[in-house]
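The primary structure of each chain is shown beneath.
Number of protein chains: 2
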Amino acid sequence: MDINVEVQRQLNILKRGVEELISEKELEKKLKKSLETNTPLIVKLGIDPTGSDLHIGHAVPLRKLKQFQDLGHRVKFLIGTFTARIGDPTGKSETRPMLSSEDITKNIQTYLDQLKLILDMEKTEVVYNGDWLEKLKLEDVLKLLSQFTVAQMIQRDDFSKRLAAGKPVSLVEFMYPILQGYDSVAIDADVELGATEQTFNLLRGRDLQRNAGTEPQVCMMMPILEGLDGVEKMSKSLNNYIGITEAPNDMFGKVMSISDDLMWNYYEVATDVPMEEVGRLKAGVADGSIHPMDCKKRLGAEIVTIYHNEEEGRKAYDWFENVFSKRNMDVDLPEVKIDEDEVGAIDLLVKKLNFFKGTSDARRLITQGGFKVNDVAVKDVKAMIKIEAGMIVRAGKKKIVKITK
Amino acid sequence: MDINVEVQRQLNILKRGVEELISEKELEKKLKKSLETNTPLIVKLGIDPTGSDLHIGHAVPLRKLKQFQDLGHRVKFLIGTFTARIGDPTGKSETRPMLSSEDITKNIQTYLDQLKLILDMEKTEVVYNGDWLEKLKLEDVLKLLSQFTVAQMIQRDDFSKRLAAGKPVSLVEFMYPILQGYDSVAIDADVELGATEQTFNLLRGRDLQRNAGTEPQVCMMMPILEGLDGVEKMSKSLNNYIGITEAPNDMFGKVMSISDDLMWNYYEVATDVPMEEVGRLKAGVADGSIHPMDCKKRLGAEIVTIYHNEEEGRKAYDWFENVFSKRNMDVDLPEVKIDEDEVGAIDLLVKKLNFFKGTSDARRLITQGGFKVNDVAVKDVKAMIKIEAGMIVRAGKKKIVKITK
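In the order they appear, the protein sequences are chains X and V. Residue numbers are given in full-length UniProt numbering: position 359 of the first sequence equals residue 359, and the series is strictly consecutive. Residue numbers are given in full-length UniProt numbering: position 20 of the second sequence equals residue 20, and the series is strictly consecutive.
Same chains, same names: a pair is fine if it fits in one copy or spans any two.
Taking lysine-lysine and the DSS-like style, the derived pairs with C-alpha atoms no more than 30 angstroms apart in a straight line are:
1) 398 / 315
2) 106 / 143
3) 106 / 137
These aren't lab readings, by the way, just hints derived from the structure by calculation.
Next up, chain X with everything else stripped away, as it sits in the complex:
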């Protein structure tokens, strides 16, 4: 094996979809040394056990981790059992409450259960920062604190904004980036992955490693995935997400709802389709030789394949074709049970079917003729809909359910 060729091959795979790399030169050097000494790189991704259901936005750095794993590197998946009690202030406009240890334990289990869908857990070392942070004493803390100045900390975007707005920033929040940095010293990380908004924290690891006399870690910042709306970042609370444990048809349907522009983003950071091929698809759409809808269906199938398997990907593709493209009702439709005998049109769309978050979107759809009951458009926003078992309700092109009673 020509080491330089292999370094370039790995670098090309690893650079895909990365928003910022500090620095490419250092990563190249580390990969070379790793190959020469036959010592895998230690790659760190830390999460706080605060959340629950993972979506494909969370999966972006996790899938990058998987690439390192596939290339033979050592993945240390760090669960911030200790730091979760502080709460990462990143991007928050207010001080976060500390988590109880019960919540933490429950969240970790949910997290690990879902991780299996992305990482090779046999080759993943799960580490908990409570194991070393719990042992730190005041003297150690002071040594860490002495390596940073107040000015450095308040430079951080979310701190400076909150300070300028007169909102409280607890001193405990200054500890979060420092402890995240110390984690890198503790596990001897060569590379740390994170979202772009984590850059400040990731760089603190470099500071502390450098001060400790070790080689600073490479910081690899992944983009934050836009949600289905193409505007906000993907998040559960905004209901613009694709959960990695969602059913194939739901995943597929959600992919179909994104804009053509957003599709290329998802191709790059949420699938393994080679970038050359993505380039060809994009060119085809641009010159009119490929219909964007076809690219989107392919994207849907790719994403279902990642979190389920190829067969499910194909089946979801067929299902969508039948229901939406061929308007064939002879397929499984999502079912929703409604007890009432009669429901107002807007209430049906917003409260019963959760198709919309607010009434104004529902109102617009109805007046534009997108609301159909058994394929008949209902354009009166005040219409009372008689609920019957087996009736099919559509909202626009991509939302469809069968009502049961």
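Put chain V on the given structure of chain X with help from the hints.
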């Protein structure tokens, strides 16, 4: 005993010379409760074992502590073995280096040796904050940090000035006031003494005690004593101090060199002369019935009495009378050995006798006729003085030495 009368008596003694009291009402309440329950108040004074020789400026809060002791309260004299490693940033324009533990041990011994001159050591509990601070773990530190915001900290005068000037403020310095406050929780202080510049730190103890559900300590801020020059605060490095271990005649002579105005300050915070009497002296000087020099001699004798004894006070008084007022040479004079046979007038005053820090003051004295060798004025600043054993050199009215070879 009428408790209310006793409370007022104690309050009057304790309020003497205090610059700020937070708050008098609370101190009154605490004194009352102390008398009612027959439980002495716990009075804290903390020092960092950074310095060496104590001067009568350092003695101001120590003498206040002695008053509490004399009134039957419990004195906890806190030595900041732990915090000394951080260095209190108060009033400093730069981050202080940490002290080595050898320096700390040496400084503590020097400190305790001198304390005996002021406090009743039998009734003084000496405590070391390393005993509890060393045990704090990261989790405890986070709990402390969570009680303060960044905005609160950077309000502190010396922090905000340094930040505004773009000078570094280490994060570790934020810990100093917090740990000083935690010390008050740890030793359950009812009252903490400090200099006015310590107000910010002392108040943090109130915050932490309140949050811990205990009654906040009373903060008693003592003024910072001006040095002999009446301009700068008394300090060894400015050579404007009276050390508490200095010889009686030296102490006395230094007191005689202060201005008439400054004398009343010294009377109030550096002696036990009842304030009514100080008032009478002041009035006498004002109406011309008492010569200020007589008040100053009395002050000199009072200060020598405090750090030596009454007899030494009287002897220093007599010595000064003989040498300066009666110009009687038949007394012990301070002796200085000079090896050279001939020394320039300015060099003699500045380098050999240390009467002045700079040449310009020496030059002025000479031209004004204040420099006398064997009672003959030498007004030529370029004069070479022939050094002979037994010769008497005077500089102004209060500096006199006998030369030996």
